[in-house]
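Trainee: Please work from the sequences and hints to get the whole structure.
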Amino acid sequence: MKTIEEVLDMLEARIDRQTLEDYINRQWLRPISQDEGWYFEEIDIARLHLVCHLTQDIEVNDEGMDVVLSLLDQLYKIRAHTQKLHQAITKQSPELQAEIRMMMSVEDSNK
Amino acid sequence: MAKNPYEILGVKKDASEADIKVAYRKLARKHHPDLNPSDKSAGEKFKEINTANALLSDKEKRAAFDRGEIDMEGQPQYRQQQQTYRDFADGPQGSRYHTNGGDFNFEDIFSAFSGGAGFNRPPAADAYYSLEVDFLDAAIGAKKRVTMPDRKTLDINIPEGIEEGQKLRLKGKGTQPNGDAYITVQIRPHPIFSRKGKDITIELPISLPESVLGAKIQVPTIHGLVKATIPKGASSGTTFRLKGKGIKSGDQYVKLKLVMPKEIDADLEEAIGKWSQTHAYNPRMDMEKAL
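Quick mapping for you: the protein sequence lines, in order, are chains D and R. For the first sequence, the numbering used here puts the final residue at 111, and the numbers step up evenly by one. For the second sequence, the numbering used here puts the final residue at 291, and the numbers step up evenly by one.
Think of the hints as simulated: they come from the structure by calculation, not from any bench. Note that CB positions come from ideal geometry on N, CA and C, so glycine has one too. Please note that a few of the clues may not be correct.
[Unchecked claim] Selected chain R positions facing chain D (in silico; Cβ < 7 angstroms):
| id | residue |
| --- | --- |
| 1 | ARG29 |
| 2 | PHE88 |
| 3 | HIS98 |
| 4 | THR99 |
| 5 | ARG169 |
[What the hints assert, rightly or not] Listed below are several chain D residues computed to face chain R (Cβ distance under 8 angstroms; list not exhaustive):
| id | residue |
| --- | --- |
| 6 | ARG30 |
| 7 | HIS49 |
| 8 | LEU50 |
| 9 | TYR76 |
| 10 | ALA98 |
| 11 | MET102 |
Mentor: See the structure below:
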């Protein structure tokens, strides 16, 4: 875990303290809050890179950022669910797996 | 092979800084790996775009490249973090940022597969075919031995009442012993029967005397000929039902069609002429009232 100072050092050219705090206030970043300080895990830093890319390189505005991040977070949640489901399915018998595959390839069956 | 940053960004050699910026943004939006989590090649492409942009947006480096002093790869690479957000968001820590969008139910997960994570791709061991079957075979069921385009011969049991587009699975008949064959069924139309779900409809021609006097006739059904009675005075369009003569528990609907004799001879003309003098009727009365 890294403190806010360490993160600012890492990205010094990219972002200043005020902007970073602004990102946190907007909930774009949700680092761990502890002892009145922020602590950044790897995922928070990776996400900060993404936010910087979107705001600075692509120039998405603040309202747009809310929409983009909300959609992205939904997308990744669905991906996580999908992967779990996939894992659950691969533990089933080959027959059942084939059955599921078939069900999913059949369009609008029994209607 | 030497890569050309102009080609990567899709700009001309004399493109202005603004042109480059616009081109870069457009491509970056499209290929950012975090925005395209299902596309494995997006990461590589994105890196390339960034490298090209880093070179072309730097006046000195761009000039050096134009003079042929450096190649694109000779430049310090775009400092991309080792792992992108996608790597974490897809991992266990990712749940911290995951958000529900309204109702999230189990069906959504299934529909999410079709766009997604590669599960949907059929294993190589399965074989996929499509097969055209006769209308009657589809309606009453049949056993068929069919040679597929890949020369494989399959014994197919067509179940009674199979529908257009339905899929049949033949276990163990894939390209490999552990795979299955999937057969999508298409139904050939029939010259006299047509079908709506489990019900069959046909149009049955009747003669003028049959129409006037009524008759006992033979009606074709998918199960063979069936006796039926045409009531006296049946018109074109009169429809009756043969219960249980459709597919499985379905019915057959018979719509009558009055067919006049090919030639109106003197006898008929005389008979009708005589009859009509005393029995005029107007079949369009209801229609005229409705106007």
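Trainee: Compare the structure with each hint and give your call.
Mentor: Status of each hint after checking the structure:
With a least beta-carbon distance of about 6 angstroms to chain D, the hint placing R/ARG29 at the interface is held under the 7 angstroms criterion. Against a cut-off of 7 angstroms between C-beta atoms, the interface hint on R/PHE88 holds, since the closest Cβ of chain D lies about 4 angstroms away. Interface restraint check: R/HIS98 against chain D, minimum CB-CB distance 3 angstroms, threshold 7 angstroms, status holds. At about 4 angstroms, the closest approach between the beta carbon of R/THR99 and any beta carbon in chain D falls short of 7 angstroms, and the interface hint on this residue holds.
Taken as an interface hint, R/ARG169 checks out: its beta carbon lies about 6 angstroms from the nearest beta carbon of chain D, inside 7 angstroms. Evaluation of the D/ARG30 hint against chain R yields a held restraint, the C-beta minimum of about 6 angstroms falling below 8 angstroms. A distance limit of 8 angstroms between C-beta atoms decides the matter here; for D/HIS49 the minimum to chain R is near 5 angstroms, and the interface restraint holds. The closest approach between the C-beta of D/LEU50 and any C-beta of chain R is roughly 4 angstroms, which is under the 8 angstroms cut-off, so the hint is satisfied.
With its C-beta approaching chain R no nearer than about 4 angstroms, D/TYR76 sits inside the 8 angstroms limit, and its interface hint holds. About 6 angstroms separates the beta-carbon of D/ALA98 from the nearest beta-carbon of chain R, less than 8 angstroms, and the hint is met. Taking 8 angstroms as the C-beta cut-off, the interface hint given for D/MET102 holds, the closest approach to chain R being about 6 angstroms.
Checked against the numbered hints given earlier, this structure breaks none of them.
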